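Going line by line, the protein sequences match chains A, B and C. Residue numbering for the first sequence follows this note's numbering, beginning at 3 and increasing consecutively. Residue numbering for the second sequence follows this note's numbering, beginning at 143 and increasing consecutively. Residue numbering for the third sequence follows this note's numbering, beginning at 3 and increasing consecutively.
Hints should not be assumed to be uniformly reliable.
If you want a taste of the chain C side facing chain B, the calculated C-beta under 7 Å gives, among others [said to hold, decoys possible]:
| no. | residue |
| --- | --- |
| 1 | His13 |
| 2 | Leu14 |
| 3 | Ser24 |
| 4 | Leu43 |
| 5 | Ile88 |
| 6 | Pro91 |
| 7 | Pro118 |
| 8 | Thr252 |
| 9 | Thr253 |
| 10 | Thr272 |
Simulated restraints on C-beta separations [as the list claims (entries may be wrong)]:
| no. | chain 1 | residue 1 | chain 2 | residue 2 | range |
| --- | --- | --- | --- | --- | --- |
| 11 | C | Gln164 | B | Leu347 | 32 to 42 Å |
| 12 | B | Arg441 | C | Gln164 | 22 to 32 Å |
| 13 | A | Pro127 | B | Val178 | 57 to 67 Å |
| 14 | C | Ile75 | B | Leu260 | 25 to 35 Å |
| 15 | A | Thr57 | C | Ala54 | 30 to 40 Å |
Over 10 Å on every C-beta distance to chain C, these chain A residues come out as not near it, computed from the model [stated by the list, open to error]:
| no. | residue |
| --- | --- |
| 16 | Asp87 |
| 17 | Ser104 |
| 18 | Ser123 |
| 19 | Ser227 |
| 20 | Thr418 |
Simulated from the structure, these hints should not be mistaken for lab results. Since we're looking at a predicted model, the values are computed, not measured. Glycine included, each C-beta is placed from N, C-alpha and C at the ideal position.
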Amino acid sequence: MKARIALLAFLAAWMPLASQGSEQGETKTITFSVGGGSVEFDFWEQLMRDFHAETGIDVELMRKPMDTGLHRQSLIVPLSTRKSDPDVFLMDVAWLAQIAASGWLAPLGPFLAKNGCVDRSVFFPHILALADTYEGSLVALPVFIDGGLLYYRTDLLRKYGLGGPPRTLDELLRYAKKVQAGERLTNPGFFAFVWQGAQNEGLICDFLEFAGKDGSFTVKDGSVSVDTPENRKALRFMHDLIHLHGVSPPNTYTEMKQEEVRRFFQDGNALFERNWPYAFALHEEEGSAVRGKIAIAPVPSFAPGRSVSTLGGWHVGISRFSDAKTESVRLLCFLTSYEVQKKMALHLGWNPGRRDVYEDRDVLERMPHFRKLQTAFENARPRPIVPYYSQLSEILQRHLNAALSGKSPPGEALATAQKQMQAIVSRYHRK
Amino acid sequence: MGALSGNLSPRGPAVAEELTRGEFARGYAFLLPLAVFVAVFIIVPVIGTFAGSLMQDVTFLPKRFAGAENYRAMLSDPGFWQALRFTCLFTLVSVPLELFLGLLFALLLARPSPARGLLRACVLIPWAIPAAVSGRLFQLIYNYHYGLANYLMGTFGLTDLPVSWLGTPAGAFVSLVAADAWKTTPFVAIILLAGLAGISQDLYLQAEIDRAGFVCRFTRVTLPLLSPVLVVALLFRTIDALRVFDLVFVLTGGGPGGSTTSLSLYGYNYFLGGDFGYGSAVSVVLFLIAFGLSVLYVRVGKFGRELA
Amino acid sequence: MSEERQVRTLHLAGALGMTIFSLGPILYMALTAASRRPDFLSHAAGFEFTVAHFDSVLRTASLHFPEYLRNSIVVSGASAALCVSIASPAAYAVTRLSLPGRVFFLLSVLAVSMFPPVSMVGYLFQVMGKLGWINTYQALVLPYTAWILPLSLWILTSYFAQVPADLDRAALIDGCSRLTILRKVIFPVAAPGIFSTALLAFIIAFNELLFAMMLSTDHAARTVPVGIALFEGLHGEIPWGVVMAASILTTIPVILLTLVFQRRIIQGLTRGAVKG
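Please model the complete structure; the sequences and the hints are all you need to start from.
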């Protein structure tokens with residue numbers, strides 16, 4: 003009996019010790035949750051050291067999973083239980099709406115007015131208006147932006163006497179067939195066009211880009227629309243790339259996510275790649291087989307000039323339950339300041355959330371393609387900004403992938419997807 | 143079966159034929175902490191989940207009573223049916239496989255040999271490590287580019303191209319069954335081993351005297367006497383397979399396309415998607431299935447009668 | 003070949019196959035953890051030994067692996083201790099005192115162990131959230147204890163039932179209270195059984211994932227299985243060497259425990275399910 007009491011006492015002693023991690027105390031350390039692999043994490047650590055040097059505020063970094071779904075899940079636990087940690091956190095623009103609509107973000111307006119550290123006009127206006135504003139108040143700021151791009155091999159285009167990058171999908175197909183026929187003689191593993199076809203969020207982004215300005219995926223007034231003739235045409239085109247024309251590898255719809263696509267292209271086995279801007283810096287690294295041989299262009303659509311890239315990227319917000327809001331705002335200002343955004347561009351190849359950095363001389367010197375990026379982002383189109391987007395995405399991904407694998411014809415896939423998504427929308431739509 | 147087979151009272155004459163009042167109270171007092179713990183941390187949460195399934199409890203919508211709305215939505219939710227189908231299929235495939243392998247292992251382990259202790263320890267190791275670890279391990283084994291599975295397939299010339307295990311529903315299903323079999327066969331083997339030990343050697347001697355061959359001895363002596371234990375193993379494994387979570391979460395994440403999402407994972411995804419009402423409804427369905435099966439088992443196994 | 007020889011050869015082959023089946027993947031895990039590249043099977047460079055991954059796992063502060071290990075050990079140890087403490091008196095009462103309703107009690111407890119964890123975790127999550135207990139040790143220890151109590155009760159009942167009642171009676175005649183009997187008579191005799199129960203409880207708590215994922219948020223209370231399940235990767239690619247190194251570090255203590263205490267573990271499991 004005594005032993006048991008002693009044991010329980012011992013246990014009781016541990017509990018306050020354990021609870022410590024989840025409280026702030028008087029030290030006003032703020033926790034900042036980021037996702038990322040080791041390269042990005044080292045950068046964040048250095049950045050936080052700079053922040054500390056500048057302001058004296060301690061920042062504890064929380065490392066979150068890179069997978070966006072897991073990242074979101076791991077934020078829901080502390081936020082829905084009103085924990086004060088993390089104070090500041092990054093959010094994928096795809097699920098920012100869910101966090102905002104759940105009332106977990108502190109409105110930034112009053113703080114920024116007081117601090118005056120950030121001028122709203124430096125950001126891309128439509129992004130701020132669509133993604134970062136909830137029910138009229140600003141709740142997040144863009145840290146970096148993403149939009150899909152077409153990477154292409156300048157050397158191969160030159161070799162086969164083709165002009166600049168393709169301006170329509172038909173042109174892309176023509177180039178692809180020609181180059182692949184030639185390259186296959188020496189490189190049997192060559193596939194002209196690699197893109198994200200595996201069942202993943204990336205698939206939706208690719209799909210919407212192929213559909214271009216004439217395609218659409220909208221949720222309006224409790225009604226979802228994705229089954230349109232232009233979308234069907236795009237989906238059929240994607241299917242044919244793999245099965246009919248054979249210019250995309252057969253494992254496109256089972257294995258090809260962003261990293262697989264990047265590595266395939268980087269090994270020199272493709273002519274075109276659809277990927278996010280992050281790939282550029284990696285392609286240009288030492289040891290890359292495509293170093294110095296690539297350029298970027300907007301992902302073409304069926305008609306010229308109808309390209310649009312899908313808006314991606316990560317935004318930063320402050321938790322409504324943070325107990326160090328003043329310090330958190332300073333971190334926010336720091337992260338969206340010109341110098342820091344420039345550093346992100348130069349060191350990580352990230353695309354800043356601020357427009358003015360795209361015109362910086364040093365940046366343009368290191369990354370001349372940034373000029374094109376700025377235009378692409380001005381016109382980037384977001385996916386539906388609703389709190390339940392993740393559920394819609396899951397359904398659409400599944401059906402798009404089913405069409406790519408040949409399991410269901412594109413029209414049927416989109417029709418079924420729309421019907422199932424409508425059920426979700428009806429259930430979650432706030433009247 | 144241990145306590146189940148009626149050995150509740152200790153050997154020797156019963157100690158307490160007539161309990162005094164004080165003993166009575168003390169007896170229940172001894173049971174009280176356990177009862178309280180289980181009531182507070184298991185029964186109440188289950189009731190709470192039942193209640194929660196009747197609410198619209200979404201983080202970005204106002205909370206309100208919703209009656210059977212969640213259940214109605216579930217009936218027309220293809221994701222739910224897919225999870226149900228997968229869970230049932232997974233159970234139907236993996237449990238017999240594990241029983242078969244477990245029996246095989248038990249027979250091998252039952253044979254006296256100098257290395258028996260070591261052998262048993264080796265066989266037990268997969269059971270003892272966390273499912274998260276074995277999930278990751280098999281995720282690597284079934285990796286498309288350089289995993290052990292594709293390496294073996296290639297070396298033995300079974301396929302030309304690497305197999306996309308985790309990128310196709312069928313491949314992912316196979317990977318899960320394999321990983322689960324690896325992890326839980328030891329448990330079945332141990333239970334069956336104990337059952338085998340309970341079979342009197344006299345029966346085997348008698349069978350040998352009757353010139354019964356190896357196979358005959360197995361089918362006429364071993365199997366029938368082992369069947370009660372087999373049923374116990376069947377029950378435990380079935381319930382465990384129905385509520386599988388760890389392995390599925392880590393190995394396939396429920397993909398591709400939700401094709402390997404178990405009911406537990408489906409409910410969990412809704413919880414962490416902010417919809418507690420719907421997640422609770424899914425959990426209730428799984429609960430009813432598991433509970434129903436265990437009640438059926440107790441009925442069929444006639445345990446109450448043996449103990450009374 | 004005589005039938006005996008046939009059976010013997012089969013047995014040998016079977017034992018070998020069984021061992022390869024059980025330990026092969028573990029070996030693969032260890033090799034990957036110690037190899038510079040995860041694709042050492044197919045890549046021309048082959049296997050290059052390195053301890054860099056282990057170093058990475060233990061030294062990288064942001065991975066918090068040592069904290070996870072600490073949390074796991076504390077939580078599992080506390081749960082095991084609590085389980086045994088609470089289940090012992092109950093097992094005693096069930097085996098010694100012919101209380102009415104004890105059969106129903108045992109069966110109910112058995113039924114409870116069949117509940118799917120997902121049907122409790124949602125509510126627990128919300129309640130713990132309101133109490134501010136998310137990401138604390140008690141948030142994990144208490145549900146774990148409740149969860150493992152049924153199994154502990156069954157195993158201990160089976161062990162206690164084997165302790166002869168004469169010992170009880172002798173002590174009773176000497177005027178000992180029931181509690182003293184439990185402590186001074188039953189415990190020493192059933193000590194191996196109690197140890198088995200605690201060991202099994204520890205292993206089960208250590209390996210648990212669902213509760214840990216939902217009820218903890220960071221290294222203050224997060225456990226090792228969660229850490230391994232949510233291992234961060236670079237741009238979506240998993241760093242296999244480091245993940246396997248972490249896995250090996252996690253499993254080595256468990257493997258050692260299993261090797262040393264295999265008889266106890268097996269006994270415990272068997273008692274919980276089958277007539278021992």
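For this session: Taking the numbered hints from earlier one at a time, note which ones the structure violates and give those numbers from smallest to largest.
Result: Failing hints, ascending: 2, 11 and 16.
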